[in-house]
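Q: Listed below are the residues making up each chain.
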Amino acid sequence: MQQLIFAIATMAAGVLGCAAYFFGTNWILDKLFPSKGLTGPVASRNLRITNAIRPWLFLGPALLSLTIYLIYPVIASVWLSLHDRAGENFVGLNNFIWMFNDGEFRQSIYNNFLWLLVVPAAATFFGLIIAALTDRIWWGNIAKTLIFMPMAISFVGASVIWKFIYDYRAEGTAQIGLLNAVVVYFGGTPEAWVTLPFWNNFFLMVILIWIQTGFAMVILSAALRGIPEETIEAAVIDGANGLQIFFKIMIPQMWGTIAVVWTTITILVLKVFDIVLAMTNGQWQSQVLANLMFDWMFRGGGDFGRGAAIAVIIMVLVIPIMIWNIRNAAKEMEGH
Amino acid sequence: MIASSRSPLIWVVHLSVILLVTLWTLPTAGLLISSLRDKDQLAVSGWWTALSTSSQNMTGRAASPETQIERDGKFVIAGNLLESGVAKVSAFGFRPLQPTAFEAGAVADIGDGQTLTVKDDGSYEIVSSARMEGTRGQRIFYTAAVPPRFTFDNYREVMRAAGIGASFINSLTVAIPATVIPILVAAFAAYALAWMKFPGRAILIAVVVGLLVVPLQMSLIPLLKLYNGVGAFFGVPAKTYVGIWLAHMGFGLPLAIYLLRNYMAGLPREILESARVDGASDFDIFIKIILPLSFPALASFSIFQFLWTWNDLLVAMVFLGTGNDELVLTGRLVNLLGSRGGNWEILTASAFITIIVPLIVFFTLQRYLVRGLLAGSVKGG
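Top to bottom, those sequences are chains A and B.
For the first sequence, the positions run 1 to 336 when the numbering used here is used.
For the second sequence, the positions run 337 to 717 when the numbering used here is used.
If you're looking for bench data, these hints aren't it; they were derived computationally from the structure.
By construction, the Cβ of each residue, glycine as well, lies at the ideal position given by its N, Cα and C atoms.
Where hints are given, some of them may not hold.
What the hints assert, rightly or not - Lysine-lysine pairs mimicking DSS-like chemistry, simulated, CA-CA at most 27 Å apart:
no., chain 1, residue 1, chain 2, residue 2
1, B, 575, B, 561
2, B, 575, A, 271
3, B, 624, A, 31
What the hints assert, rightly or not - Just a sample of chain A residues kept apart from chain B, beta carbon distances all over 10 Å, derived:
no., residue
4, 30
5, 49
6, 56
7, 87
8, 106
9, 159
10, 163
11, 167
12, 171
13, 181
14, 187
15, 203
16, 228
17, 290
Make the full structure from the sequences, and use the hints.
A: Written out as structure tokens, the structure is:
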């Protein structure tokens, strides 16, 4: 309770401090270079000065925090990746050489590529199917809400939910995990699913697909509705059936949106950490880059050089998407 | 869609959507139902059988021979194996390898001239012609049919013993300020990027878009070093709530600025122009006109940020620590997965407590969440 009061007090202080900064600096600016009630060259000069300074007052805190929390760390991570475990002695590319010779790292890269292949594709696919289907029925919005719901659940919470589904009891006893119960019902043998090398990757991926399908569905559903009616009507008049309309008229008009959904989920997949940590912690050959990096951050007191090197690899994988995003945004700005 | 909405295929659509919705909701439903079940039942039967009577193999111990009474020249130990009167014993036994050797009501010869009877209501009698020796009671194995039982015991248990209650407060302490503070900072920056003219604006927007996708992992190690350095320099702890609030703000700002800038840039230019003509400064315009008009975008972002900070595990583990006092709900849940991995009554109840707040936020404010997603992605593409 005391802690909550402390939190509320600090929050109030933070918000007030923020407000005080914005109000205060603007007030000072207006006092130093007054333009109201003045005329002539002094007023216009002051107006020019305030107009030049004010944007930076508005941007100040945001730029400062972006610099400290994102821009500086990117540079520092690259620098650290070229240094030893304490970040003191320059070791050149040794961390990267170690990495590519390390079996666990190669395993992680391999698994990450599996994730990259499967998760964005599956989530987008299900999202598209569900968006298209729910558009046609009267209770579509309820269905969408229920499918969207896992989006609100934390990765750890989702891991518990699915770990329960994958739960394994020895053969012959009653299975309390849904998956094994189904398998046994159909005459199969129960398995400890998350401990099966290679296949366990897919059981973990299911969790992320389960969470992300709702996101893909929401975006693609909006895109579906944005397709001009005329193109569909024209196809109907030409005698196209439902499937043809979907694949030949709708999908081609949605490529841009599909790409956005795909890349967004791709970035998420590269950062996936909580699910692996909670389900297997990288055991049974299910390691991924983000969890490996976290591991090296603290393993044996922490090896910052190797950890940073793994982070740099994740960053390198993200860069193409980053460039693509920036180019798209720039294109849109021109049209603005 | 016009073509097929009248066709019989519509039933296929209905059925497929029902199937998909079931697939997507079943996992969460299983968790919720399980968390409300009696922990002994939860451990032996699937949650989908929650409504049916379950049969459990149990072990009990008769009262010690010291409690024996003499009746009609025989020595009798009597009692009841079942605490609650609702279960029914169907079979019993006295050897671990033959736990169901006798039907309820049968008389079992357990040697030394003693006989054991367990009735279906759980009452038992050990009868011996000679006085019984020893202090430990006879072990009795029995199978009982237990009717479904739903209870909040699991929740009481985790709130009290598993530290979930304290973690709940920790999560709130992290999430609320980490949601409120960035909004103000981002709103001012977004206004500047949307409506103020200054050199370098386009580059700054490009930087924000670029930073949107920078993986958190890049920031962890340098910031950890930075925090340790700052902590050592000022003689304060490196892992504090203020530290994690600022970290969450930094990581959330690109999306916040991006969303809000897009929204503000879409507001009608005429409103701003007429206010400028009236002599209002940018500051007045922002506070009095733009901020109130931007409410939907502000709401969208706050929902995102709240869900993200509440559900976050990585930032909390690195910047708040993993000690018992500062664990947030997600961290606590990971710990429980490790230490109480088989105790599903603890895990399901804890997991449900961690997801209940985001679910409430989701169901009440879904509209804004959807709007925010669309603004953040479709426009950006």
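Q: For every hint, state whether the structure bears it out.
A: A quick look at each hint next to the structure:
no., hint, in the structure
1, 575/B - 561/B, "11 Å, holds"
2, 575/B - 271/A, "23 Å, holds"
3, 624/B - 31/A, "20 Å, holds"
4, 30, "7 Å, violated"
5, 49, "12 Å, holds"
6, 56, "7 Å, violated"
7, 87, "7 Å, violated"
8, 106, "18 Å, holds"
9, 159, "7 Å, violated"
10, 163, "7 Å, violated"
11, 167, "7 Å, violated"
12, 171, "15 Å, holds"
13, 181, "5 Å, violated"
14, 187, "17 Å, holds"
15, 203, "13 Å, holds"
16, 228, "13 Å, holds"
17, 290, "6 Å, violated"
Of the numbered hints stated above, those contradicted by the structure are hints 4, 6, 7, 9, 10, 11, 13 and 17, listed in ascending order.
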